[in-house]
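Asker: Read off the chains here:
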Amino acid sequence: MTEVTLVQAVNRALRTAMSADPEVLLLGEDIGVNGGVFRATEGLLKDFGADRVIDTPLSETGIVGAAVGMALYGLKPVAEIQFLDFIYPGFDQIVSELAKFRYRSGGQYPCHVVIRSPYGGGIKGGLYHSQSTEAYFAHTAGLKVVVPSTPADAYGLLLSSIFDPDPVIFLEPKRIYRTVTGEVPEGDQRVPIGRARTVREGTDVSVFAYGAMIPPATEACQAAEADGVSAELIDLRTLVPLDAGAVLASVEKTGRAVIVHEAARFCGYGAEIAAILAEKAFFSLKAPIHRVTGFDTPFPYALENLYLPNAARIRQAIVDTVRAG
Amino acid sequence: MRRKVRTVRFLAQSYNRPPAPSGWALSFVPQSVPGRVVTAASATEIAPEDLGPIYRTMLLARSLDERCLAMQRQGRIGFYAPVMGQEAAQVAGAWALDPADWVFPAYRELGVALVRGVTLDELFDQFFGNSADRMKGRQMPNHYGYRDRNFVVGSSPIGTQIIQAVGAALAARRRKDPIVTIPFFGDGATSSNDFHAGLNFGGVFQAPTIFFCQNNGWAISLPRSRQTAAKTLADKGVAYGVPGVVVDGNDVHQVFRAVREARARALSGAGPTLIEVQVYRLGAHSTSDDPHRYRTDAEVAEWKKQDPIGRLKHELIEAGQWSEDQDAKLLEEVRAEISAAVTRTEAIGPADPLSFLDDVFATRTLQLDEQRHQLEEMLHSGLVKP
Ligand SMILES: Cc1ncc(C[n+]2csc(CCOP(=O)(O)OP(=O)(O)O)c2C)c(N)n1
Ligand SMILES: [Mg+2]
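Just so you know, the protein sequences line up as chains A and B, in that order. Everything in the first sequence is counted per our numbering, starting at 1 for the first residue and increasing by one. Everything in the second sequence is counted per our numbering, starting at 326 for the first residue and increasing by one.
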């Protein structure tokens, strides 16, 4: 076990998968010679060659479409989209093709592509280097959506994603690429897709978050202790398939829920969590569900700190929810 | 990405059939594929013995069109996109392939499907969406695929298969499989993002792919001139470093030759070719379309003179190998075969009502399990009916 950053954990997982299986290959913009603009693929070209670390033309349609064709043929392509904000030229290939191949062929053509992409704000990236649009993908039947928040999860979940039989959108919280460090195992040690992680246990309120919101949510839960509140923090980790059992069990215990994401609120992923709680845990709820989210605007550049949920807002929501009933 | 130059050795082995005998007579085999291919793998001309089966397959496609259009009007199938006018292009184009090559079709590739050995029963199972349908009743008619025939399942969005075929070609090359991939698409598709991405990636990576563009003059109501100001669609290859060729798609020989040459080129490591196959869509775009809104009968009549089926028939009769009498008999035979397939497949029950919740993922998620259970209850109580 060694201490690494989140982006280094991604790099290690790619290396482990490529060493274990010659059919794993990478494609994307600037991932070869340059090692990726965030250095996620650093050193891989040298060790695995240009046949397996493929610098592509600047075309997300091409990256995703080619990856789909490779996967149909049986390879395990891992495509990098440089920023989630630039995935839209490839959106049709993801939504119309990747997500539907198994289904529309009656099971004849599985299509296991992993699409890795840095997402989220807090890096002074403005409208087009900051978005958190996981809900588009979570809304599309046939895609798994994974968002790690620690190096260990980035490592173990990426390995699971690469060897999963289904397509996976793997969203990497770029804001904490280098700010969180932790130990990652050696070798092919996977973290299962579809299971939430309890970051801290508590009895008064359940806080649900993922990705780059885990650090401020953790801070908020700790701070809420000073307010006499015991908050439980659940890192969802996998948005699809959702670990609904973990969500419900926590709220059945605490009776209260705060949902945190940096994406816009309206029809955001938190709306689904709130709906599930309203449908299935209504009689356990002691207070209205509270969402702490980004605003229903494009992502602002100069005022991004106002847009993004911070520990203070989350703490306030936790306290308000507990005081509400 | 450089790769070793590959020879066609493997292909010669995979065919490994005796050369065509010199004195030939047409033999019409009942299903196209099993009896096909006398033509040697490396030949650029169709062996005379293959012309019979090619003609039969074209006639079968034409007759299927007639039957399916009628059945759509009778409400027995929901939709149909006819291939009429493109039979020579599709059958001869597919004839030039190795069975191991990967076909990426659009929705109008009936002639290709027949050559790949997709049976009439399989086609009608799909059109009816019955319980035998390999697609499990999930797709509109004309959207099908059969993995064991290397005929990838198609979709409706125009052009998406073009770049996918390039990806599959790169995968095949990585595995050292000596095959080509061949996306089939229309003139309209040459305006799509995926055409651009496909040609561009194909050129950059020298993919063993044949871009088979059937320019049938129309993309629903828009004429070819509305897709590009380029003189020919084949010209569009130039900017991608992909050679483009134009062939008369009503001539089986020209199409066959072009595909064989492109195939040899692709397998030698010299990269992809864009083939513009000039044909004409003699029928409507689909059963939902009324072509009178945008084109004249005179235009259609002009193109009918070049009907690919009439043209090959004429060639065969001229060669003393065929007669109108035999032709009438063959047509009868083909129609009877279709009728038998319709009778068999129409009797098969509908897809299992719960099956549409499968194959979203490799295994059902808890959410899908729950929804399946809810549907089961709704079916049970009569709240919903298939
Ligand atoms: C991306 C997309 N846009 C629009 C449509 C609707 N549409 C279906 S077929 C078609 C025309 C296609 O023309 P062409 O590529 O020439 O193929 P053809 O139908 O002539 O075989 C259109 C616009 C579609 N299926 N996909
Ligand atoms: Mg057309």
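Hints are supplied without guarantee of correctness; some may be wrong.
[To be verified] Once the Cα atoms are required to be at most 27 Å apart in a straight line, the calculated DSSO-like pairs of lysine-lysine come out as:
hint : chain 1 : residue 1 : chain 2 : residue 2
1    : A       : K286      : A       : K253
2    : A       : K76       : B       : K501
3    : B       : K556      : A       : K46
Hint data in this document are derived by calculation from the structure and do not stem from the laboratory.
Asker: So, against the hints stated earlier in the document, which numbers end up violated here?
Answerer: 3
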